[in-house]
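K.L.:
Input sequences plus hints: build the corresponding full structure.
Here the protein sequences come in this chain order: A and B. Last residue of the first sequence? That's 396 in our numbering, and every number before it is there in order. Last residue of the second sequence? That's 1372 in our numbering, and every number before it is there in order.
Under 7 Å between C-beta atoms, here's a sample of chain B residues computed to sit facing chain A:
(1) Q1274
(2) C1282
(3) K1293
(4) R1363
(5) Y1372
The hints are simulated quantities; they were obtained by calculation from the structure and are not laboratory data. Keep in mind it's a predicted model, so treat the numbers as computed, not measured. Note that CB positions come from ideal geometry on N, CA and C, so glycine has one too.
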Amino acid sequence: MSPIDEFRQQTRAWLEENCPASQRRPVVKEEQIWAGRDRVFATPDAKLWFERMRDKGWTAPSWPTEYGGGGLSRDEEKVLEQEMARLHCRPPLYDLGLWMLGPALLVHGNEAQKQEHISKIVRGDIRWAQGYSEPAAGSDLASLKTRAEDMGDHFLVNGTKIWTTQADKADWIFALVRTDASGTKHEGISFILIDMRTAGVSTTPIELISGESEFCQTFFDDVKVPKENIVGGLNNGWAVAKELLKHERKLMATMESIVQREDESLVELATQYIGMDESGKLNDSSIRSRITDQLMTAEALEYLNERLFFQHRSKQVDPGLPLTVKYLGTNAMQQKDELLLQILGNHGLSWQEQSHTPREHNIVQNWAYNKAHTIAGGTSEIQLNIIAKRALGLPA
Amino acid sequence: MVLNEEQRLLQSSIRDFLNQRAPVSALRELRDNPTPQGFDTSLWRELVDLGVSSIVLSEAHGGFGFGWMGLGAVMEEIGRHLAVTPIFSSVVIGAALIEAADDHHSTEILPEIVAGTRTLAFACDEGLRFNPGATATLLNQGVLQGEKSFVLNGSGATDFLVLARTATDTKGTDGLSLILIPRDATGVTVDTIHSVDGHNFARVKFDQVAVDHRQFVGAPDHAWDFVSGVLDRATLALAAEMLGGARELLERTLAYLNDREQFDVKIGSFQALQHRCAQLFCQLELAQSVVYKGLSAIDQGQQDVAKLASHAKVLAIDCYQKMSNEAVQMHGGMGITDEVDIGLFLKRSRVCNQILGDSSFHRERFATLCGY
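P.N.:
Below, the structure is given as structure tokens:
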């Protein structure tokens, strides 16, 4: 048996042994295991599952073992993902630090920063928020104005960040701040880590069209930040931000599998709500045809990701290919949401939780919430700009 | 899902060869001065010498182990150059059918196909579009009667592989047989059609054609058992060709946008055009991923690629059609002239749409295979 097959066998056995049955069902929002100082577990099983995965370093399977990660190779990580998918294991940990900050810190952080932050991320001890956008700096992110003034022994941060995901529940925030206003707007930006317990940090939730308040506005009023909290060097924040954005976009393209509360099957839902004729075809030919469109796009996206994986492995990456993933993935997600809503008919119209089944309510809420995905992390239009210039070589 | 070193070398040698020997101008030449065979026989001879006529066959039958990913790479180049060759009809379908049938024809005629001295054409479609389940051409008591409406490369074929109904009380794809009929057999009439894309197809009539049992390819009445798998693989190869054409169009269009100036700037600097190009690129890579998935599934020994074949064909159709329409539009007035090549790709895309099943056929098939 090849080493990778052996790894698969061991992984499968370990997961079967260690993943509680209750953690093998699609995760509902209330039972997601979010990192944090005040981490709470919805059930004892959730706690058990998290702790077992954490202790193997499999909350961050491919990160180096010296910082508590799993130390798996790319191939082994893929096997773990496949085996977890096979058993429908829930993600053992949710955190922006895990998805975004960690990978960027591993590249740009200094040793002390890695020692300080990476293992806490792996262990789910700290919940991170992201401070990028500002009310006047959205797509034009580099025009950001929140400033960090050098006060000799510390920085003094003043300004405001918006769309800070769940900042009201976060312990720390990684943010882009202006440390030098003299050069071009891309210069003079630094990447900084701020403990949200520091005096002068406050957050206000923003109510969304989904009825939830996933996003906040975060304010910084004379917030003192230690100088060693700059990552990647003073005025070099744009490079760190770009590294991190890559992870964010990859994440958002596959959001459905990671964060989506429940992966709805179109065919199953349509069979239930629309029904089939005696020959086994859905009763609504137009919806049937649109399901074909959607399945073809969604499955093609899986193959595109698989192709990317093989390109990485054989070190022949088409530089343009990864740039397509966020644009395609988020569009496909919204296309599916629209279709799910249409299948529900008037059951998709109620705004009162109690007059829906939980499943119906979930579909409606996701439909509205997922409008965020083609906006956050670089709008679809920005993605197309990037593709046009970097992949296709069209002039600025 | 990535070409290996040998496959990449194969692709670049075929590309160099076609750049030299069969650029798009060769298609124009053939269109304006058609040959009786419908293709340039010396070009085909040279391609045979390069080994493409055995590419899909097992090594026992002269294949080189390039696999279907390797074939896909060759087909992509054919699509990029709009090269007219019998590779698809005679090799990807014809030789593959003979090999899959695994009977006396494998030793008798396969070597001649590989040598390029015999070219096959698959005679399947009868009405306006591909629908093998509706085959009405009938072989009854040794006599073949019927008419085939869209026989690709029928013009130059030495033999036809005819899909015919042999069990009269059957419906759909049950009760079909595959029969090898020489072009010069008594009762065969070949009506050559020059198609819109500069290629050719034929309408072939079989009137009281005498058939003996040695002309059956594979088991009588059960041909669909092996024909369908061959056609699925061929459909993936065709999709690879189509995406080669689409990719060539994207590159040509980008070159034009980087060159053409209006309002004192390169028109490629306009966001309206940039976004459309970026969307076309996304669509192309999505379709390409399905084609690679299908081709590599065959190479990994997956027996049933029906769903992937239909999936790939639909996305290839949508992509090539959109790409060719947009390429014409973005070339402005030049796009609608015969002077530039864009219109040739536009026309080729619509012909490819019809080969081995159009979008409706494959969307329906995908849905059925997925159980809704």
